[in-house]
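Model the placement of chain G on the given structure of chain D, informed by the hints.
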Amino acid sequence: MTGGPLVDETTSFGARVARHLRDDVVVWLTTVSPSGTPTPSVVWFHWDGDREVLMFSRRTSRVANIARNPRVSLNFPSDGVGGDVVVLTGEARIDPAAPRADEVPGYLAKYGARIGGGLDLTPGAFAARYHVAVRIELTRVRGH
Amino acid sequence: MTDSPIVDESTPFGARVAAHLRDDVVVWFTTVSPSGTPMPSVVWFLWDGDREVLMYSKESTRTRNIAANARVALGFLGDRLGGDVAVLTGEARIDPSAPPAHEVPAYLAKYAEHVADLSMSPEQFAAEYHVAVRITLTGLRGF
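Chains as they are written, first to last, in my numbering: chain D, 64 to 207; chain G, 4 to 146.
Some hints here could point you the wrong way.
To be verified - To list a few chain G residues with every Cβ distance to chain D over 12 Å, as calculated: (1) R19; (2) R25; (3) E55; (4) E62; (5) G81; (6) T92; (7) D98; (8) A101; (9) P102; (10) P108; (11) A109; (12) D120; (13) R144.
What the hints assert, rightly or not - Interface residues of chain D toward chain G, partial, derived using beta-carbon atoms under 10 Å: (14) D87; (15) S98; (16) G99; (17) P103; (18) S120; (19) T123; (20) N132; (21) R134; (22) S136; (23) P140; (24) E166; (25) V167; (26) L171; (27) R177.
Hints in this document: simulated from the structure, not taken from any laboratory. Here the structure is a predicted model, which means the values were calculated and not measured. Where a beta carbon is used, it is the ideal one built from N, C-alpha and C, also for glycine.
Just chain D, with the same shape it has in the complex (with noise of 0.2 Å):
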C-alpha cells in the first residue's frame, strides 16, 4: 500500500471520482458468487474521504459471498453513451465492530432525509434492519 491518495482530486478525472464517491446515491456493487459468477447489486454507501467505503446489508447473497471473496468492485452508473465510466475495485470485509448506521454522522448526514422519507423509517429501525457493516478498502480506480 503506497502513501499516495487513491483518488488525485488535483486531476479532472480524479476530481469527477471524488465527486461521485461523495455525492451519488447510489453504486453498483459487484460481488462473485462461489460459481464464479458476478453478482452487481445497487447499494447505499459512504466514501469516507480515502480508501474506504462503508455500506450497511441485510444478511443476503452478497454478504455470503464477500465472506467467501472478499474482491469486489464498485462503479457508477456513467453516462450511458460510453463516458462518465469509474471502477474502482477493493476488497471487502463484514466488520462486526462497526457502529450501526444510525451511530455514523456521515452516513446520517448522507442518508437521514431519505430514510425518514421515503423508507418511512426511524434512522434506528433502519439500522436494526441494514445490520452488517461492510467495509470495503479501495485497492484501485480507472475509467476516463
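Chain G only, in chain D's frame:
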C-alpha cells in the same frame, strides 16, 4: 433450459428490460478475473430479442477472463436513486466463426452513427473490434 422466455414482455418489468435491451446504447458487462476480481466495463451490444446478446471487443482482459470463466453479468444504468434495476446473468463465449461487426445488419443499424462518431468506417471498426462474444442469457433479476 426451458422454453419460457428470460424476458417476459407481458409484465411491466419485462417490458422495461426489453426496452433497455433494445434501445440502450451501452450496458455494464462484468467478467471475473482468474483471481476472482469482478471487472465491469461498458460495452456496445446487440440483443437478438430472445436469449442471446452479441458484442464485439478488442483482445483484452475481458476476453481473456471469458476464456477462463464464462459466467458474466449485464447491468443497465438504473435511475441513480436505486430504482429501474435490471441485471442479467449469462454464459459468454468467444465465437471465431461469427461474422464481423460490419456484416451484421442489426448491429450496424444500431451503431452506424456511433461508429462514424469514432471517425471510423464500419470495416475499420470491425477490424479493430474483431473478437465476437456471444452471451447466452440465463437469468434476470431486478424490479
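Violated hints, by number in ascending order, as checked against the structure: Violated: hints 5, 6, 12, 13, 18, 19, 24, 25, 26.
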